[in-house]
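Enquirer: Single-letter residue listing:
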Amino acid sequence: MRKIEIVQDILEANESIAARNQQLLDKHKVFAINIMSSPGAGKTSLILQTIAKLRDKLRAGVIEGDVASTLDAEKVKDEATAVVQITTRNMPENCTLIATMIDRALKRLPLEDIDLLLIENVGNLICPSEFILGEHKRIVISSLPEGDDKPIKYPMIFADADAVIINKLDLLPYVDFDISAFRRSVKGLNSNAAIFEVCCKSGTGIEEWCSWLLCQKEEIAKRWS
Amino acid sequence: MHELGITESIVNIVLDKAKEAQASKITEINLVVGELSGFVPDCIQFYFDILSKDTIAQKAYLHFESVPAQLRCRNCTTIFHPQDALWVCPKCQGSSLEITGGRELYVKSMEVE
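Going line by line, the protein sequences match chains A and B.
At position 176 of the first sequence (counting the first as 1) the number is 176 in the working numbering, and the numbers step up by one without a gap.
At position 83 of the second sequence (counting the first as 1) the number is 83 in the working numbering, and the numbers step up by one without a gap.
Mixed in with the good hints, there may be bad ones.
Quick list of simulated restraints, FRET-style, between CB atoms [as the list claims (entries may be wrong)]:
no., chain 1, residue 1, chain 2, residue 2, range
1, A, S16, B, V67, 39 to 47 Å
2, A, D170, B, E35, 35 to 43 Å
3, A, S180, B, D84, 19 to 27 Å
4, B, H63, A, I126, 23 to 31 Å
5, B, F64, A, R55, 45 to 53 Å
6, A, E208, B, T55, 51 to 59 Å
7, A, D103, B, Q45, 24 to 32 Å
8, B, Q45, A, E79, 44 to 52 Å
9, B, S66, A, K57, 43 to 51 Å
10, A, K57, B, D16, 45 to 53 Å
Okay, the calculated bits of chain A under chain B, using three or more residues with CB under 8 Å as the criterion [claimed, not checked]:
no., segment
11, 118 to 129
12, 148 to 158
The hints are simulated quantities; they were obtained by calculation from the structure and are not laboratory data.
The structure presented is a predicted model; accordingly, all values stated were derived computationally and were not measured.
Built from N, CA and C at the ideal position, the CB exists for glycine as well.
Starting from the given sequences, assemble the full structure and let the hints guide the process.
Expert: Here it is, written out as structure tokens:
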């Protein structure tokens, strides 16, 4: 009997594929964001609003991750330059997208024809926080009906977010959601996160979010030149 | 729910290392799982029993070492273990915190024959 020291990160396989994905995106000058939230918080609505707002500036591609169905891909297909649906139901990881799924999806996307890749993760606040995909920025959406305690209950996903979007602002008169308490919780976990208050239904706040997104893209684009 | 892929990675790592070491049997695997990582040891064990079948890792004992969550207050630099879901510094009540421990997930070592 002998002991072998290993000390090898178990997520290393995912992380090396994610790094390769990002190299491919950089090569084609595609800026990618990973959009995460619980089911129904407004990922697809945010994608549609973002594509519409930036239509004159950026050509958008979308990767839709869902456990089942192509409903979301149907919703965005007329707006985006290209859409790939990933259905995770029969995959080992069905609760989140992982880097190998993106690797395969990127092969089906016309990368030379898009500038912005919006990756809609599976609706879940736990599992996606463990897996990077190769994205340049990580975005988390929380909507008012979910309550203002989500950063406290699911800290990890907020701790790594580059931006946190508070959606469904139009419901503020009807739900008990303390926006300043929510902001304090997010900043406590992650003082660098940008926070936006939006209503995807009416378009409130979308301008500010899109300006931020464009600035982030310009930052990343510096390394492409 | 995502432990299957993780367990596949674990099995791949230990089988590779055992081959390098020309071992004929893996008897024990020591895993380090942080309190804040979203992985459930019972699920890893369940998948491990299936995935290690007919390999030299079959029936290896999985030992899980848990690493507690550790936070550092950016305001007063106090390092503490959060007692509940509300993360605030016990010394200055500050809420600007940095995660300094508890996200680990790695294969530490193994015993082979």
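Enquirer: Now tell me, hint by hint, if it's right for this structure.
Expert: Here is how each hint holds up against the structure:
1. A:S16 x B:V67: 39 to 47 Å: violated, 23 Å
2. A:D170 x B:E35: 35 to 43 Å: Holds, since D170 (chain A) and E35 (chain B) (Cβ atoms, about 38 Å apart) stay within the stated range.
3. A:S180 x B:D84: 19 to 27 Å: holds, 21 Å
4. B:H63 x A:I126: 23 to 31 Å: holds, 25 Å
5. B:F64 x A:R55: 45 to 53 Å: holds, 50 Å
6. A:E208 x B:T55: 51 to 59 Å: Between E208 (chain A) and T55 (chain B), where Cβ atoms are some 54 Å apart, the hint holds.
7. A:D103 x B:Q45: 24 to 32 Å: holds, 29 Å
8. B:Q45 x A:E79: 44 to 52 Å: holds, 45 Å
9. B:S66 x A:K57: 43 to 51 Å: holds, 48 Å
10. A:K57 x B:D16: 45 to 53 Å: holds, 47 Å
11. 118 to 129: holds (count 3)
12. 148 to 158: holds (count 4)
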